[in-house]
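S.K.: Sequence:
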Amino acid sequence: SASRAGNTLTLVVSPFSDNTLGHTGSGFSPGIFGNVGTLSGTYLLQENGKKIAGGNAAALAEGSSSLFLQGKLGSKPGVIRFVLTATRTGRLYHLSTATRTVWTWHTARRPGARLPAGWICIDGSQRCAVQRMMTLLYDVSGMAVDGVAPPGQQQIQLTVGRLQHAPVSKITGATVAVSVNGGTTWQPATVTAGAGGVFNVTFTAPPGAFVSLRVHAADAAGDQINETITRGYKTAA
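Note that the sequence shown covers residues 907 to 1143 in the numbering used here.
There could be a bad hint or two in this list.
[What the hints assert, rightly or not] Restraint-style ranges between C-beta atoms, simulated for each label pair: (1) G943 / Q976: 23 to 31 Å; (2) S1047 / A1127: 26 to 34 Å; (3) A1023 / S970: 22 to 30 Å; (4) Q1070 / H1012: 16 to 24 Å; (5) N954 / T1108: 32 to 40 Å; (6) P1112 / G1018: 49 to 57 Å.
[As the list claims (entries may be wrong)] Capping the alpha-carbon separation at 25 Å, the derived lysine-lysine pairs in BS3-like fashion look like this: (7) K956 / K978; (8) K957 / K978; (9) K982 / K957.
Derived by calculation from the structure, the hints in this document are not laboratory data.
Just so it is clear, the structure is predicted and the values come from calculations on it, not from any experiment.
Glycine is no exception: its CB is placed at the ideal position from the N, C-alpha and C atoms.
Given these sequences and hints, build the entire structure.
M.R.: Structure follows, in structure tokens:
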């Protein structure tokens, strides 16, 4: 989530989630699995190119799944840039071993902003403004519960959106690049725009490959999201 109350920006972000509604994922926490690997990451928060905060994301999370971060913004309208990286290694983590996401959005004070019934701000009130933080949802055709999809022609339905109750702007485009060698080389995928921020992504992946994805998307307000997922899923041998 991303919200603003006055000049205070509050972010709560968990990497390594999944596409099931209501799931936040284990993020920077090993969860119920115990000590099965190493989790690390970094974060950087900027306003108008000036650093507000940054450092070790895993340490700031303190064993929690989510990174909780607050920063003081200027009183005038500005542009936020938030960068979050996360890496996990160990016997449990064969897929989605690393992510890097860069969010860019415009922000301004909204003194009269209120959340609807059933939603609360970080202080328990409803007096905050949801930020224009963009989101990506990946739906890989034919992928099984273990993260393995058939080789050959790949089809991904990519939905570009934003946080619920954020100001709405038309999604203007998306590009996708694919790697099957851990990010050493990248090839552009074919992206066809549908309605409502939905894009159909097609490319070819050989058998037994780990597929990494790099996505860029933007909206008419000039907000952007850039995300790289290393070894996001695998194709069957």
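S.K.: Each hint: holds or not?
M.R.: Tested hints:
no.: 1; hint: G943 / Q976: 23 to 31 Å; result: 29 Å, holds
no.: 2; hint: S1047 / A1127: 26 to 34 Å; result: 31 Å, holds
no.: 3; hint: A1023 / S970: 22 to 30 Å; result: 28 Å, holds
no.: 4; hint: Q1070 / H1012: 16 to 24 Å; result: 18 Å, holds
no.: 5; hint: N954 / T1108: 32 to 40 Å; result: 38 Å, holds
no.: 6; hint: P1112 / G1018: 49 to 57 Å; result: 55 Å, holds
no.: 7; hint: K956 / K978; result: 12 Å, holds
no.: 8; hint: K957 / K978; result: 11 Å, holds
no.: 9; hint: K982 / K957; result: 16 Å, holds
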